[in-house]
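Heads up: the protein sequence lines correspond to chains A and B, in order.
Note that the first sequence covers residues 1 to 994 in full-length UniProt numbering.
Note that the second sequence covers residues 1 to 994 in full-length UniProt numbering.
Source of the hints: derived by calculation from the structure; they are not laboratory data.
Check before you lean on any hint, since a few could be wrong.
Intra- or inter-copy, both count: the list cannot distinguish identical chains.
Stated by the list, open to error - Only pairs whose alpha carbons sit at most 25 Å apart, straight line, appear in this in silico PhoX-like list of lysine-lysine:
1. Lys281 x Lys250
2. Lys614 x Lys933
3. Lys704 x Lys881
4. Lys797 x Lys933
5. Lys957 x Lys297
6. Lys281 x Lys897
7. Lys470 x Lys897
8. Lys705 x Lys731
9. Lys470 x Lys281
10. Lys355 x Lys303
11. Lys186 x Lys881
12. Lys217 x Lys688
13. Lys933 x Lys508
14. Lys881 x Lys795
15. Lys704 x Lys688
16. Lys952 x Lys303
17. Lys242 x Lys432
18. Lys508 x Lys941
19. Lys943 x Lys297
20. Lys582 x Lys235
21. Lys260 x Lys222
22. Lys702 x Lys270
23. Lys297 x Lys941
24. Lys782 x Lys582
25. Lys957 x Lys614
26. Lys881 x Lys511
27. Lys795 x Lys270
Number of protein chains: 2
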Amino acid sequence: MERQDEPGGGLKHHDSAEELGSPPFSSCEYSRSPELEEPAKMRRNDNYLPVPGEEKNLDVDFTSTKPRSNESIPMKNLYADDGSPLYPQLGPYFSDGRRRVDYVLAYHIQKPSGIRRQSSRFGDTNFIRRLRRSLSMRSSRAPLQPKEDPEIAAQEQRTDYHEDDKRFRREEFEENLLETGLELEKDDGCKIPGIGFLKIHAPWNVLCREAEFMKLKMPTKKVYDVKQGSNVVEKIRLFIHKVTAPLHPKVDANRPDSVKSLSHPFSREKQHLFDLSDRDKFFDSKTRSSIVYEVLKRTRCTKAKYSMGITSLLANGVYTSAYPLHDGDIEGVNAEPNDRKLLYEEWASYSVFYKYQPIGLIRKYFGEKVGLYFAWLGVYTQMLIPAAIVGVIVFLYGCATVDDNIPSMEICDPRNNITMCPLCDHACSYWKLVTACGTARASHLFDNPATVFFSIFMALWAVLFMEHWKRRQMRLNYIWDLTGFGEEEEEEHKDHNRAEYEFRVMQKTMKQEHSIPKDEKVKLTCTDRLPAYLTTVVMMCFMIAVTFAIVFGVILYRISIKAALHISTYPAARSNIRATVKTTAAIINLIVIIILDEIYASIARWLTTLEVPKTDKSFEERLIFKTFILKFVNAFTPIVYLAFFRGRLVGRPGNYLYVVGSYRMEECAHAGCLMELCIQLCITMLGKQLIQNNLFEIGIPKLKKLLRKRKSDLDSKQEEELNKTMQRHEKDHFLGPFVGLSPEYMEMIIQFGMVTLFVASFPLAPLFALLNNIIEIRLDAKKFVMELRRPIAAKAKDIGIWYNLLRGLSKVAVIVNAFVISFTSDFIPRLVYQYTYSPDGTMHGFINHTLSYFNVSDFQPGTDPLQPMHLGYPVDMCRYKDYREPPWSNTPYELSKEFWAILAARLAFVIVFQNVVMLMSDFVDWLIPDIPKDISLQIHKEKILMVELFMKEEQGKRLAARDKDSQDNYTSPSSANESPPQPRSRPISHANCC
Amino acid sequence: MERQDEPGGGLKHHDSAEELGSPPFSSCEYSRSPELEEPAKMRRNDNYLPVPGEEKNLDVDFTSTKPRSNESIPMKNLYADDGSPLYPQLGPYFSDGRRRVDYVLAYHIQKPSGIRRQSSRFGDTNFIRRLRRSLSMRSSRAPLQPKEDPEIAAQEQRTDYHEDDKRFRREEFEENLLETGLELEKDDGCKIPGIGFLKIHAPWNVLCREAEFMKLKMPTKKVYDVKQGSNVVEKIRLFIHKVTAPLHPKVDANRPDSVKSLSHPFSREKQHLFDLSDRDKFFDSKTRSSIVYEVLKRTRCTKAKYSMGITSLLANGVYTSAYPLHDGDIEGVNAEPNDRKLLYEEWASYSVFYKYQPIGLIRKYFGEKVGLYFAWLGVYTQMLIPAAIVGVIVFLYGCATVDDNIPSMEICDPRNNITMCPLCDHACSYWKLVTACGTARASHLFDNPATVFFSIFMALWAVLFMEHWKRRQMRLNYIWDLTGFGEEEEEEHKDHNRAEYEFRVMQKTMKQEHSIPKDEKVKLTCTDRLPAYLTTVVMMCFMIAVTFAIVFGVILYRISIKAALHISTYPAARSNIRATVKTTAAIINLIVIIILDEIYASIARWLTTLEVPKTDKSFEERLIFKTFILKFVNAFTPIVYLAFFRGRLVGRPGNYLYVVGSYRMEECAHAGCLMELCIQLCITMLGKQLIQNNLFEIGIPKLKKLLRKRKSDLDSKQEEELNKTMQRHEKDHFLGPFVGLSPEYMEMIIQFGMVTLFVASFPLAPLFALLNNIIEIRLDAKKFVMELRRPIAAKAKDIGIWYNLLRGLSKVAVIVNAFVISFTSDFIPRLVYQYTYSPDGTMHGFINHTLSYFNVSDFQPGTDPLQPMHLGYPVDMCRYKDYREPPWSNTPYELSKEFWAILAARLAFVIVFQNVVMLMSDFVDWLIPDIPKDISLQIHKEKILMVELFMKEEQGKRLAARDKDSQDNYTSPSSANESPPQPRSRPISHANCC
């Protein structure tokens, strides 16, 4: 209809395209047809509104009343006149500019063109070598990708399969694809030498058929009001919405928020339910590509020795890659409005960091699984805001009260002339407690009663976060029409065997062909996998041992450096001993953690490959399990050592514990190890996030892209030229493959561990995490929108295993925090002193109470200080931090009654804390319903509407049947299925037997 | 076909029926037709095999090839000849003997028959009064029934609604029912005066329509092999099956176990998938009645002031009851083989107590919800077997080692002449430790290292039980075709508003008619419910306080009786003091628990009614919540007191703790309170189960039945006569209404609590529970099969809230057991003594170590014993059980270092035990997949088969379409929906732009 408004628009548009710098490809044979140019024009003039289902298709239904059967008419008919459409060079369309490319398979071609046949042979091999190098570099940075990168696998196995064999398989596969009704177009080595593309288009009838199979829920014509509550609630909601308006991304302003269409699984028998007026917009590009992927997964090559699905074909290099196309360009002159560009502008940009994410659009473009990841990340970041605020308040409380803190006042008071025992054998001498003043004051910042409150707060925060997420997830499920979508269906998506598994099974079948009965299905048993399992166990233990060894090494470094500095006569060195040692050790730990993280990720990947898991799901689970354990041990071993072991295994003066010959185990500073724990946590968190974000997530992708570009053997000018002329599928081919969300989730889980596990010792952790995540969201967004190929839209109702890991972490966090508070901090001893031992109920005298006496004559020979007169006076008794009997008691240096009483108090605190917090968590969990009330009401309403709809339909049918029946009654016998209703002459019979 | 073999069979059968004592009701007008007699004959001769879907219908399809359209032909046609069918008097059929009664609604009729119009008026009222009395008695015994018994409600509100109004509503409701296509028959006061019955039959087309709406999964024709594993596994399974053959109930012997038909939601459009050759067997009686119930729920009376659904009609006494019919009689001459009889023989009988339950048949007869309850009870009972065995072994280990136990040997050794301090003030005197010998030896039976092992074992057992149940549930879900059945659908079944709620809303609407806007929907807000909530909170607190008070009263009883007995000079009384006091106190506790249980249940019910919950589901949840708390507090308060408080709040000699004036708090016997805890648990468990089972579950139902029978005003002879002539719906009317499964579950949950919570102190608990449950299963079975009306088959995937309660209990159990082991038993002190204080590493000297010294001169004035020379020698120092400093230390009678060390050890044990067991539980939970592997494989297989089936169908369709298209091509334009596949002239286009 609109076409007739402006009949000359096609040509005009052609001109403008030329002006804008995209030459009309005179070398290619494109058909030109005025019918096809108009919509492009239209779109450019339109105000772009991404309502669901809107797609940048040229394949618009111009006359919706006309029966549309032309999408499967052979192309020749379409391009009868001159056969050269103008526009579609750069869009994701077939060369007819009409049929959308829903999926692309890329493959190697050995002979890109007749003239380069001889000359390019060697160049080709070189190129492949370079490619392999660049790819293997990359693979070490994508440690958790769920699928083996098909391109590497292709390179590795290419010696086994000859090119002819591959071509043969490709031909068969393509035939089978055609058999299913898909339409294909080949694009052999146009601009990228050596790479051929198979473009796949799914016509309408295939889409309908597959949508019915997949039970895709599609919006029906029936629209209903979403009323979110009573009038008052609604008003408040609207007010909040208005206030936060600047925070909302500008993506769906024109879409009314208060109506939602009823969804129903698509069925061709119920077509009348759906709004099919515009067939090209009915299924959006994400849905189209996932439908094609579904067909691809089902299609198999069977003619060769053993049958191969698309996974095997990819793994064996028959195809090198498979991906759906992005919607369009982000930047540049020929970038028309599209979802990708909109995402780039409103989401994948640092300038919008303060805004909510356009989750609906993300889901529409990338699918539910990616949508859920970003929704989760958003909820997590949002929840970190209150945690960060409370954390800062707790920290400020510590700062404010540092001068009122009696224990640190006592330490800093020079009148309390307390002589402490030496910190190391021989080299060190006695020292005065007043020198520990600074540390004591700093410790108070993190070791005060507010910390206990903060631990409880964070434990409940974690539960609230979980609950909030569950509710958010439920809400998204409702909005995304996933409420009826079962878990079984979700699993099915991943249930295809992996290529490696099939390969191994084939090998085994060949080997055992004679020894086993025919009907027994060959599968890999535990025996087959035993060597791999053993390797895994041994390697895992070894790697954990390596981590422990490195932590131990750092301890030794600290001890030895400290001793060395004590000996040194250079006064500046001596004065900064503690700070220097602490900081360097923490940095060493950090570097080791980051390096080992990368190594462990690759090893975990290698071990999982060895195990040959059956399905991708199993592969992913095993990989996540291994990676999680290794990364966790790696990140937390130094912290756990600092929190729970340091300073506990010291022994006592006269009877110290020695390691590696004569090194005495290190002690904590007087005010507990909490301070050092805090420094370690701070450096690890900040450093890890800064380095990993900057170096790995920004730097390396840039490098990768550079390498990827360079492989096409073009200089920059040529490249620029090429970039302008490249088609969508060629551009996407240069992007990195999507490697799954596991690395992103893993990073966040480790961060969540940092935030919750030791929060008692570092209240600023949520703040750091918050700052990091604000960047992280946009960083990941940029990666997804710009750097990676478009992922296949995967459906998911929840975040799966990650939720369980979060839950597990928040449970462990309760116990860890209980132990940190009761054992690492001085909270319990202070409490016990104040309420039991203190003469006046205050903290005065606490420091004295914590220090035991030691008679210097009891030093073991050779361990007494070299310079006993270091302080300027002779020392008879020195003090040390422990609860032990004094030298003059019946049992000198035995643990005292106070020790046991305080130990009992500490343990009791752990029990009370753990159980109270767990009880509170369970209570909160129980109190907050998993499904938000308005959503459950809406779901119920939807169901009732659905029943009503069908009831009405049913009644219509019955009436029709009755009418028909009353006509038919005299002509034909009634049908067996729809028997006519009984005549109403005697509606209720009576059984009056009395 | 078979009909023609024996044309005279009808008459023959008629004769035999007469011989067997069922007179042919000459007073009633029954049509007789040879067609209808034959099947009855046939059935009687048949070997009865309850394959799924087989029903005792007369409505058999004799010639399955003939199109069956006669089920809706008016009855007159069927009884054309003489109009009197012989057989169907007693079966669940309409008076035509052909159409099955799927549901019955009963109602009051004021004028039962013309002749009794005047005379029966008063008799009727009397009858109602008696009925009300008997019913209110009953209602106190059915405290958890989810629905308000409609009959009581009917009586209560009958003053409000006049009979005419009721009749008017009934007429409208019946009209509306007819409108939906159901067929009705009235049976006004035939044999039971004053009660009319409306019998409802669902004809085939209604069944089909509703089955489609309800998405009922029905078996399709497609059958597939269920192969449960590899050959070896299969062989083992078969072997086990053979060995356990006598344990399997004889209900499905002829049904092959190795095939299963594929199920698919019933749809009239996909009729070809289902085996509809026998329409009467396709939907079984359970399904038919639940379909009718679905229609009933949807049908509403709207003509009167406000609209009423079936719930409101029942609540307002328009109908007095609504129930589906049982399949047939159990006993007696005219009992033909039917599912109910089979259940009675193979399940609801004590003689088959050793057999598995026929869960499939239970589900087929009673529906999924009841099936799941019995399956759960079966799994629980089965799991109790290993627990009971291990428990007995632990107990026997205690018995065997009692003589090697050094502490009790030391106590019993008269050479250890230890003088103990008096157990009560003044009246009691010093005593010798050797007199506690018996108790000490008995204590060892329950307090030995094996108990710790048993606690851990039971914690893991609980987890294993949960996991086993989850897997069993999943398996049942698979077998019962519930795998796709969502939770939302389940909830929908209960989402109808309760009648009381609607009544209250109506009241509120009337009151506020002018003050609120029209479009605002009135609902009960928190303000409306506030008084009820306040009442609930106050009452709950009050009742919990009552429980505490009673427990405290029993404590006082124990203290005072003990003191009194000590004073008494009667020697026999003195010697048995402890045993007497313990036992009587435990029995008092038991009686109080049982009485309060009943009272609390009624109060909980009353409180919940006050709150006017919106839906039945909410009502049930609130009621369960309240009842659970009250019953739990009631059952466990005395036990918790004994376990954790008794003997801890004693004080010390010279400084005792006194309650209520001068009563000293009671102490434990020397060997800990574990023994008394054990006695209390034993008496509570045994007594509760015996009394509740025998009295309440057997005695009261019998009484109820008696009362119910008596109300029909017939003497026994008449009654017997009547019993023979009563029709199915009349017989069922005399049975008790089904009141839900909550009371059954609640009983089991409390028992589970007993078994797990304090298992450390009573290893025989699982054995007692096992013995009880073996009886319980058959008792419940008898109740369901014989005493109750058939419940409406409710679908359920799981046992709902009860699973969460079980889970919660098993979590609490871990902590409770940790505390019992570490604080109530002497396990930790023994361990600490052995490894820390013992001079030779044995237990020798332990008793001496646990006893502190007391100087008798330190007694407070007036508390020293009256007879200090009771033992025959003067006492300077007496001993008491505590860790305190001796009188000669610097801090006499202070808690000693040993006390704190042991306390720390106890607390550490709690932490370790709790976390280790929780970790192990989580590990076991994680290790065992929720879905058994074979089931997940089968589900996957089913899905693939389904896809294949549809694929094949789809291909068929496409081929047909293609054929049709090639024909149509020249006659008509191709259809819009099914476009013909593209001709293969140019299948893959090439975009060779280079």
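Okay, the hints, checked on the actual structure:
no., hint, result
1, Lys281 x Lys250, "within (21 Å within a copy, 60 Å between copies)"
2, Lys614 x Lys933, "between (41 Å within a copy, 14 Å between copies)"
3, Lys704 x Lys881, "neither (55 Å within a copy, 76 Å between copies)"
4, Lys797 x Lys933, "both (19 Å within a copy, 23 Å between copies)"
5, Lys957 x Lys297, "between (39 Å within a copy, 22 Å between copies)"
6, Lys281 x Lys897, "neither (79 Å within a copy, 81 Å between copies)"
7, Lys470 x Lys897, "neither (49 Å within a copy, 50 Å between copies)"
8, Lys705 x Lys731, "within (12 Å within a copy, 83 Å between copies)"
9, Lys470 x Lys281, "neither (32 Å within a copy, 44 Å between copies)"
10, Lys355 x Lys303, "neither (55 Å within a copy, 54 Å between copies)"
11, Lys186 x Lys881, "neither (79 Å within a copy, 93 Å between copies)"
12, Lys217 x Lys688, "neither (43 Å within a copy, 54 Å between copies)"
13, Lys933 x Lys508, "between (55 Å within a copy, 23 Å between copies)"
14, Lys881 x Lys795, "neither (59 Å within a copy, 67 Å between copies)"
15, Lys704 x Lys688, "within (21 Å within a copy, 74 Å between copies)"
16, Lys952 x Lys303, "between (51 Å within a copy, 21 Å between copies)"
17, Lys242 x Lys432, "neither (63 Å within a copy, 84 Å between copies)"
18, Lys508 x Lys941, "between (55 Å within a copy, 24 Å between copies)"
19, Lys943 x Lys297, "between (33 Å within a copy, 16 Å between copies)"
20, Lys582 x Lys235, "neither (56 Å within a copy, 66 Å between copies)"
21, Lys260 x Lys222, "within (9 Å within a copy, 39 Å between copies)"
22, Lys702 x Lys270, "neither (50 Å within a copy, 56 Å between copies)"
23, Lys297 x Lys941, "between (37 Å within a copy, 17 Å between copies)"
24, Lys782 x Lys582, "neither (37 Å within a copy, 75 Å between copies)"
25, Lys957 x Lys614, "neither (49 Å within a copy, 35 Å between copies)"
26, Lys881 x Lys511, "neither (70 Å within a copy, 75 Å between copies)"
27, Lys795 x Lys270, "within (23 Å within a copy, 28 Å between copies)"
Hints 3, 6, 7, 9, 10, 11, 12, 14, 17, 20, 22, 24, 25, 26 from the earlier list are contradicted by this structure; the remaining hints agree with it.
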